[in-house]
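Enquirer: One line per chain: the protein sequences are A, B and C, in this order.
Plus 8 on top of the position in the first sequence (first one is 1) and you've got this note's numbering.
Plus 49 on top of the position in the second sequence (first one is 1) and you've got this note's numbering.
Plus 1 on top of the position in the third sequence (first one is 1) and you've got this note's numbering.
Among the hints, a few may not be true.
What the hints assert, rightly or not - One-sided excerpt, in silico: chain B residues whose CB lies under 10 angstroms from chain C:
(1) A77
(2) Q105
(3) L116
(4) F119
Keep in mind that the hints were calculated from the coordinates and are not lab data.
Beta carbons are placed, not taken as given, at the ideal position from N, Cα and C, and that holds for glycine.
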Amino acid sequence: MAYTVRRPNLTFWEKLYLPNIVAGLAITFNHLKKMLKGETKVVMQYPEEKWDAQLPEYYRGAPTLVTDEHGRERCVSCQLCEFICPPRAIKITPGSLPTDSKFAKVEKAPQAFDIDMSRCIYCGLCEEVCPEQAIYLRKDYAVTGESRADMVHHKAKLYELGGSMPGLVHKWNPDK
Amino acid sequence: MSPILFWAFSALMLAFGVSVILNRDPVASALSLVASFLCLAALFVGLDAFFIGVIQVLVYAGAVMVLFLFIIMLLDLKAEKRRSFNKFALLGGAAVTALFVAGLLKVISAFPAGAKPFPALGVASVDDVRQVGLAIFTRFNLPFQTVGVLVLVASIGVIVLSRRQLK
Amino acid sequence: MDFLNDIPWMLIAASIAKTLFLIFGVVLPIVSYTVYAERRVSALIQDRLGPNRTGFPISLFGFEKDLQLFLGGLGQPIADAVKFLLKEEFTPAHVNKFYFWLAPVLAMVPALSTLAVLPFGNYLFGQKMVVADVNVGILYVFAIASIGVYGIVLAGWSSNSKYPFLGSIRASSQMISYELSLGLSAVPVLLIIGNLNLSQAIQYQIENGWLLLPFTDGNLTLRELLLWIPVLISFIIFTISMFAETNRLPFDLPESETELVAGYHTEYSAMKFALFFLGEYAAMIAGSSVIVVLFLGGWHIPFLPINTLESSTTPAGIALGFLHITAFFAKVVGILLFFIWVRWTLPRFRFDQLMKLGWLYLFEIALVNIFITAAILALVK
Ligand code: SF4
Ligand code: SF4
Numbered sequence: 009m010a011y012t013v014r015r016p017n018l019t020f021w022e023k024l025y026l027p028n029i030v031a032g033l034a035i036t037f038n039h040l041k042k043m044l045k046g047e048t049k050v051v052m053q054y055p056e057e058k059w060d061a062q063l064p065e066y067y068r069g070a071p072t073l074v075t076d077e078h079g080r081e082r083c084v085s086c087q088l089c090e091f092i093c094p095p096r097a098i099k100i101t102p103g104s105l106p107t108d109s110k111f112a113k114v115e116k117a118p119q120a121f122d123i124d125m126s127r128c129i130y131c132g133l134c135e136e137v138c139p140e141q142a143i144y145l146r147k148d149y150a151v152t153g154e155s156r157a158d159m160v161h162h163k164a165k166l167y168e169l170g171g172s173m174p175g176l177v178h179k180w181n182p183d184k
Numbered sequence: 050m051s052p053i054l055f056w057a058f059s060a061l062m063l064a065f066g067v068s069v070i071l072n073r074d075p076v077a078s079a080l081s082l083v084a085s086f087l088c089l090a091a092l093f094v095g096l097d098a099f100f101i102g103v104i105q106v107l108v109y110a111g112a113v114m115v116l117f118l119f120i121i122m123l124l125d126l127k128a129e130k131r132r133s134f135n136k137f138a139l140l141g142g143a144a145v146t147a148l149f150v151a152g153l154l155k156v157i158s159a160f161p162a163g164a165k166p167f168p169a170l171g172v173a174s175v176d177d178v179r180q181v182g183l184a185i186f187t188r189f190n191l192p193f194q195t196v197g198v199l200v201l202v203a204s205i206g207v208i209v210l211s212r213r214q215l216k
Numbered sequence: 002m003d004f005l006n007d008i009p010w011m012l013i014a015a016s017i018a019k020t021l022f023l024i025f026g027v028v029l030p031i032v033s034y035t036v037y038a039e040r041r042v043s044a045l046i047q048d049r050l051g052p053n054r055t056g057f058p059i060s061l062f063g064f065e066k067d068l069q070l071f072l073g074g075l076g077q078p079i080a081d082a083v084k085f086l087l088k089e090e091f092t093p094a095h096v097n098k099f100y101f102w103l104a105p106v107l108a109m110v111p112a113l114s115t116l117a118v119l120p121f122g123n124y125l126f127g128q129k130m131v132v133a134d135v136n137v138g139i140l141y142v143f144a145i146a147s148i149g150v151y152g153i154v155l156a157g158w159s160s161n162s163k164y165p166f167l168g169s170i171r172a173s174s175q176m177i178s179y180e181l182s183l184g185l186s187a188v189p190v191l192l193i194i195g196n197l198n199l200s201q202a203i204q205y206q207i208e209n210g211w212l213l214l215p216f217t218d219g220n221l222t223l224r225e226l227l228l229w230i231p232v233l234i235s236f237i238i239f240t241i242s243m244f245a246e247t248n249r250l251p252f253d254l255p256e257s258e259t260e261l262v263a264g265y266h267t268e269y270s271a272m273k274f275a276l277f278f279l280g281e282y283a284a285m286i287a288g289s290s291v292i293v294v295l296f297l298g299g300w301h302i303p304f305l306p307i308n309t310l311e312s313s314t315t316p317a318g319i320a321l322g323f324l325h326i327t328a329f330f331a332k333v334v335g336i337l338l339f340f341i342w343v344r345w346t347l348p349r350f351r352f353d354q355l356m357k358l359g360w361l362y363l364f365e366i367a368l369v370n371i372f373i374t375a376a377i378l379a380l381v382k
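Model the full structure from these sequences, guided by the hints.
Expert: Quick look at the structure:
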């Protein structure tokens, strides 16, 4: 049902409109003055001032690969993340663990793991889908490069960014 | 006024005038008319008649033609572009032009003063705006007022007519 | 080749020199820095900073760092210009090519030609600092300003798409409506001055005090005090109409971003767009100059001596001449800042409100104002 909003009855002074314009000008001028005198401080000067300390835990920065508490890579190259990634930023070449490894017969590991950061949209679906909790979006946001090739994060870089994440998945732990 | 400027602007004015008629696109015609008005204004300025020249631009090019263009664009006259020349209309137009030119020649040849070159004008020593003002408000006051009333009646008429349509 | 001798070469050379100085030396730099000021002031008003980092790109020539002057960001207009020049010049397939290319020119040229009659200074080097001292100066300004709408109208029409077209339709009706109140509100001033020549307008204000501040000649008579009321009214109406004529907010309906994408220049890019953009600012400068000439005494500085034709070649005269030119453009810049300030204060009008304001209020008030002025002029001696 449509209903009508009653317009307020304006006094002559308000209808004149000019006084209100002057009042508005005064407000904007005050903002200008305070900015010029440096009393307002809203803007952060980015490269000099950063907000890294205040980034929340759930911040979705660049996707990275993590190792577990024993320093072993968690990714088993199941390629689920490659499959789910909307912009197809991830490219995985599956490989096996070295034969001397205790787990060589049990699991696999990626031979190559590339994330093209010029494609990634930081959606977090890879983190969501990973059954091994091997891929996490960490706090790196300044991803730069001078060429397209520079923007591809290879496996080594991904582990370097990710570091280790002592975790919830315990199947690698013989004690548990 | 330098004769070069006079010939240049006259030629331009006539060229644009012809293009008003020849152009099939109404917008192009209207714009040619504007350009023609501007050249005419330049001719006035060359005669030291700044006031008339500027009013020419202000009223015709600046107001009347903008309204024209406004209407033409709103109507979007596509059909006009497709229409070909009508033979009879062309013939008729040519006949009228010939008659007009003949009449003009007749009058000029019968007017001996027209054959002599006009003595050069001195540099204008009086303010032409003042002259126009004085003429309008003293010698031609009655016609001026009458025209004013006429225009007022016309504009009131337009308002009345458009009001009635609204219902 | 008789007529070649008749051509006043000296006059032509002086006029060309003055035009070049005015356009390339003063107005275009002011235009580009007005754009910069617009961005900085709008940012400051909104508690932001605006472009404050672009320095002068001397690192291109092998220096370690770009030159950062006191505030920073002063190189922004250069960067903008380079960007506009290097961007792709895109002409959509569905436009009417000839008019599409013609329109930006028609937007820029009238704005710059208005400057021809503006007296931007007193005598300097034995020359009067005005390109064309015609006796219908103010009418010329109005005439050229009214031509300015063709650029917008053609841009919208030739773009062959809906939003630009709506923008240009709005522009033409807005211009025609506000030209009336603009012209009528100038009439009281012209009645007081008694002349259409802009140099004479300044001369009058030197002798009798600026119209808006009638005490600048050192004394204040009853007549001046009475006339001050209609002058103030016409100043307000003139300024409001000038906002509408130059398509500035709160009257920028032809390009209102929130409804019409970008209005008449939606389909334009790169330098063609830049011409519209610069034309708008050049028109602002022309408009502010007219306000300065009519109401704020032009180049006059109160209580300072004034150059004559003879004294303008002496060193002191040259200094004074430049001082007067500076004073003129300082006043213009002041008005420009006011334009910017208003833009970032007021929201946009609705189109019917715009039309109502123009036709029902400003037009009538300006008319009545003429009668008041005439009565005061006739009754109070
Ligand atoms: S990161 Fe996770 S989802 Fe992706 S391949 Fe490795 S184990 Fe599978
Ligand atoms: S965050 Fe999204 S886009 Fe980026 S790699 Fe993961 S799934 Fe792909």
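Enquirer: Would you pick out the hints that fail for this structure and give their numbers low to high?
Expert: none
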